[in-house]
Amino acid sequence: MRDLEVWEEIPIQDTFKLVGTTWVFKTKTDKRHQVLEYKAQLCAQGFSQTQGSDLSKTFAPTGRLNTLRKLISFAVSRKLIFEQLDIKSASLNAPLEEEVYLTIPQGLDSDKRRKCLKFKKAIYCLKQAPLAWYKHLSLWLLSIGLKISKSDACVFFSEGEDPIWLFLHVDDIGIFGKNLSNFKNKIEKEFQTKILGKASLMLGIKIIHDTNSITLSQGHYINSLLDLYGMKNCKPVGTPLIPNSHLNAASQEERNTFEELEVNYHSAVGSLSYLSSATQPDLSYSISALSQFFEKPGIKHWNAFLHVLKYLKGTKNVGLTYSGDNCEALVAYCDADWGNCRITRQSVMGYLIKLFNNLVIWKTRKQPTVSLSSAEAECKSLTDLGSELIWFKHFCKEVNIFDEDSAIIVHEDNQGCINTANSDSNTNARRMKHLDIQLHFIWEMIKENKIKLLYTPSRSILADFLTKSVCRPALKRAMQSLKLLTNKDKGSVEEKMSQSVS
1 MRDLEVWEEI PIQDTFKLVG TTWVFKTKTD KRHQVLEYKA QLCAQGFSQT
51 QGSDLSKTFA PTGRLNTLRK LISFAVSRKL IFEQLDIKSA SLNAPLEEEV
101 YLTIPQGLDS DKRRKCLKFK KAIYCLKQAP LAWYKHLSLW LLSIGLKISK
151 SDACVFFSEG EDPIWLFLHV DDIGIFGKNL SNFKNKIEKE FQTKILGKAS
201 LMLGIKIIHD TNSITLSQGH YINSLLDLYG MKNCKPVGTP LIPNSHLNAA
251 SQEERNTFEE LEVNYHSAVG SLSYLSSATQ PDLSYSISAL SQFFEKPGIK
301 HWNAFLHVLK YLKGTKNVGL TYSGDNCEAL VAYCDADWGN CRITRQSVMG
351 YLIKLFNNLV IWKTRKQPTV SLSSAEAECK SLTDLGSELI WFKHFCKEVN
401 IFDEDSAIIV HEDNQGCINT ANSDSNTNAR RMKHLDIQLH FIWEMIKENK
451 IKLLYTPSRS ILADFLTKSV CRPALKRAMQ SLKLLTNKDK GSVEEKMSQS
501 VS
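Heads up: the sequence shown at position 267 corresponds to 267 in full-length UniProt numbering, and the numbers run straight through without jumps.
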């Protein structure tokens, strides 16, 4: 902190609002969970700061998981290097816009009653610290010739003979390119930087590099969940939920039985959400279904949660694999399960997007309104997918991942939806005229050659498992097509990790 001139010691004045300080002690581990170093971190008690009076803006963008997956898919398809950097004490490099005064922390030899610390740089746990660091790093990246993506503020890229792409998540930086030495030399001169080499652990995701592929795994996180909920020795099951099952509201007796367990249902289901959004799309529908009962959970909902853990016990070595397949740049699948919810009869929609034949985006969502037909439910799902595809394609073209202008192929299994989408506003659409803006949006995308609907039999719609609880053969078939591979298909992810370490 002295080297970076983070603070200066000054006399306390009556007009100062002092923010408290605290010490945080933690251990830093490697990908094999072995201790690398013990750290003592001085943190501000930012909870005492008041928005509007003590500071103005606090929001700082953070890297999106689907953006990271896009860049990984692109890197594998183009045989780019994927490395990782870590900026030491990142926030302490960033100047503060507001005046901040902190109490003198324990252990600092000074008169705590008469003096305080005026901070020149950001410190961990100040509410404005993440934004201050993002601004500081962004300005430096722009000054050395990189461009910032308008579609995702955490992606920077360069153009020219040796282009590079950067993915930012606070002080963790993923860097992609064929020649990274020039950038690494520059950033080491500007910041205290640890060059970690090939990316191996980012955002809690293990990254395993193979000759022609990269695999993403969270087996270590699954093991921690099994330990936490006492399911380490449970018997595995073949699907996240019982096939073709639907969860209903709990009776008063079921709620009372659940309350006797004294467990936190919100926290339990929330602990699965990161798995679902990061590397395991096979959990998407089950997490969506369990989340419907946050307000009044019952014992049957808890048992359904435990069923998901049993499924994870059998799939903890699953890895989402990205390989350099030579195929269409962008393909999407869209589906909906009409009237899925037995309480409200609202439908559940799902879609997924593949880039260079690698799964990069998936989504499950309960539709906010009731649909009068399966075709209507599919049209609503197509509208959501269309919005995602427009942003997706704009991002890919902007950062030079690809520049194709051809229509994106969308696989759809509902003929009624396809006929309605391919009609115009004056024909074949009177039964869905109440959709209004959604239909006009679909018609516009097709007319402008942004998407092209392709009829695909339901058995081949890869998004089907995102909308309902499917049987084991259907789920396994989808997982293999999406390259979410188990150790039987590709070898244990944990074994590959051990090999890469040795």
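Don't take each hint at face value.
Computed list of lysine-lysine pairs in DSS-like fashion (alpha-carbon distance at most 25 Å, straight line) [as the list claims (entries may be wrong)]:
| # | residue 1 | residue 2 |
| --- | --- | --- |
| 1 | Lys178 | Lys57 |
| 2 | Lys88 | Lys235 |
| 3 | Lys28 | Lys39 |
| 4 | Lys300 | Lys313 |
| 5 | Lys300 | Lys235 |
| 6 | Lys57 | Lys120 |
| 7 | Lys310 | Lys397 |
| 8 | Lys232 | Lys476 |
| 9 | Lys363 | Lys235 |
Estimated spans, in silico, between C-beta atoms of each pair [as the list claims (entries may be wrong)]:
| # | residue 1 | residue 2 | range |
| --- | --- | --- | --- |
| 10 | Glu448 | Lys184 | 36 to 46 Å |
| 11 | Leu142 | Ser251 | 35 to 45 Å |
| 12 | Asn419 | Glu188 | 57 to 67 Å |
Calculated from the structure, these hints are not laboratory results.
Given the structure is predicted, the values throughout are model-derived calculations rather than measurements.
Even glycine gets a Cβ: it sits at the ideal position worked out from N, Cα and C.
Structure-based check of each hint:
no. : hint                          : result
1   : Lys178 <-> Lys57              : 37 Å, violated
2   : Lys88 <-> Lys235              : 43 Å, violated
3   : Lys28 <-> Lys39               : 7 Å, holds
4   : Lys300 <-> Lys313             : 20 Å, holds
5   : Lys300 <-> Lys235             : 19 Å, holds
6   : Lys57 <-> Lys120              : 17 Å, holds
7   : Lys310 <-> Lys397             : 42 Å, violated
8   : Lys232 <-> Lys476             : 23 Å, holds
9   : Lys363 <-> Lys235             : 29 Å, violated
10  : Glu448 <-> Lys184: 36 to 46 Å : 42 Å, holds
11  : Leu142 <-> Ser251: 35 to 45 Å : 59 Å, violated
12  : Asn419 <-> Glu188: 57 to 67 Å : 59 Å, holds
Hints 1, 2, 7, 9, 11 from the earlier list are contradicted by this structure; the remaining hints agree with it.
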